Amino acid sequence: MSSVDRPVRAYVESTIIMTTARIVSPFVFTFGLFVMFHGAESAGGGFQGGAIVASSIIVVAFAFGIEPTRQWLDDSIFRLLIAGGAAAFALIGLGAMALGGAFLEYAVYNISHGVKYGIELVELGIGATVAGVIVSLFMNLAAGLTNDADGGDET
Amino acid sequence: MSDVQLPVIAILLTFVVCAALAAAFLRDILSAIIAFAGFSFGVSIVYILLRAPDVALTEAAVGAGVTTVLFLLTIVRTVRPGGDRLFERIKVVPALLATGLVAVLLTTMRSLPRVGDPNSPVATSEITRYYLENAYPQTEVENVVTAILAAYRGFDTLGEAAVVLAAGVAVLVVLRKEVYV
Amino acid sequence: MTPLEYAVVGLVLVGLFFSFVAVVGIIRLPDLYTRAHATSKSDTLGTVLSLGGVALLFGAEVSGVKTVLLLLFMLITNPTAAHAIARAAHDQGIEPWTKSDEEGE
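Protein chains in written order, with full-length UniProt numbering: chain S, 1 to 155; chain H, 1 to 181; chain R, 1 to 105.
Hints are computed from structural coordinates only; laboratory data are not their basis. Honestly, I wouldn't trust all of these hints.
Claimed, not checked - DMTMM-like, lysine to aspartate or glutamate: derived pairs with alpha carbons at most 20 Å apart: (1) S:K116 with H:D54; (2) S:K116 with S:E41; (3) S:K116 with H:E133; (4) H:K177 with S:D75; (5) S:K116 with S:E105; (6) S:K116 with H:E142; (7) H:K177 with S:E120; (8) S:K116 with H:D156; (9) S:K116 with H:E126; (10) R:K99 with R:D31; (11) R:K66 with H:D54; (12) H:K91 with H:E140; (13) R:K66 with S:D74; (14) H:K177 with S:E41; (15) R:K41 with R:D31.
Fair warning: this is a prediction, and the values are worked out from it, not measured in the lab.
From just these sequences and the hints, can you work out the full model?
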């Protein structure tokens, strides 16, 4: 985060905000994963957990500046998350068909507690897709802002 | 629903309706977005009181949290409307149409079962009983909502995930075109 | 009432008082900075005290631990949010209110 290549309206870091984000965001991230996995036992699931995980990354982006966060977490990571999550869900379902069961019939995998693990994997896949979409939306919407500040309003 | 909860829900519903009206009629978009976040938050608490924690969590995380941030990022590029008026001018014909629609929908209220009614069709139906009895033995998952979402109705949920995927990819393609090319 | 119930009611009442002070502060104080000062201190204290009462009521259960975690989260994030808002306002060049503003009008 050098001060040389900073765009015009760059955010100036604040020690207080950065420290808080550093303390809070790992816990929020963990809580999001907890909601995803624990959807099997209590309230929660992939959609909610994905949104919470994404918000932990948004907190980091607000505290440390959006451009440094973009350099730290490349766009391709989120593209992988989006596609990988949905693909994992579909593959788990199709895998059951390949083993001779119905679509998403977890029992044919023949693992102990297979149904439960199958459901948790599916929730994780949904969560990855949702988190990836939300963070990518955030990053892309914010990217336009810094570009506007650089390039002026000609377009 | 217990007697204590009734006034709480009444206050919350009043707040939710006021917040929704404010979000619709406020002229300043920033204020409207904040009112909308308040609306989502109130609705999520109503869901909790109605014993639907899964829906409440979704509403709080997505409606009050993430959408607000995305809206705020979007309106940074717009201009704030001039003038001192606090509210939008209300057009007569759309207002009448909306009121009429609400009135028509309200007529169906009488045929809805009371909240928590043990004799309502949902509580007594064969399907509800089947899920409640078989969800844990068949899936080893304690949350029946999750069991139905990810196992019994897994194909529907795959459709939902596909909708999120398709909508996200479509919006991202448009956004990236604006930003990077 | 047991002593525990007295403690819970006392905590919630004190918390309510501080929340009330915060609301009065938001309505009556003149500008953004003084309002942020009212919300960050009084509102945090009000929320934390009320949640402390709730945690006492739950006792040493899973719900109680969750409430304490929520309390700590509020204690850390609420003042930081107020700080961030005040800081952003200062970056935007909003001048703090002074006594002369009132006399000038």
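Right, here's what the structure says about each hint:
1. S:K116 with H:D54: 18 Å, holds
2. S:K116 with S:E41: Between K116 of chain S and E41 of chain S the Cα gap is close to 10 Å, so the pair holds against 20 Å.
3. S:K116 with H:E133: 17 Å, holds
4. H:K177 with S:D75: Holds. K177 of chain H to D75 of chain S sits at ~14 Å (cutoff 20 Å).
5. S:K116 with S:E105: Cα-Cα ~12 Å, so holds.
6. S:K116 with H:E142: Since the Cα atoms of K116 of chain S and E142 of chain H sit roughly 10 Å apart, the hinted pair holds (cutoff 20 Å).
7. H:K177 with S:E120: 36 Å, violated
8. S:K116 with H:D156: Given pair K116 of chain S, D156 of chain H holds - Cα atoms ~18 Å apart, limit 20 Å.
9. S:K116 with H:E126: 24 Å, violated
10. R:K99 with R:D31: Roughly 12 Å between the alpha carbons, so the hint for K99 of chain R and D31 of chain R holds.
11. R:K66 with H:D54: Holds, at about 17 Å.
12. H:K91 with H:E140: 55 Å, violated
13. R:K66 with S:D74: Roughly 34 Å between the alpha carbons, so the hint for K66 of chain R and D74 of chain S is violated.
14. H:K177 with S:E41: Violated, because 42 Å separates the two Cα atoms, which is more than 20 Å.
15. R:K41 with R:D31: 16 Å, holds
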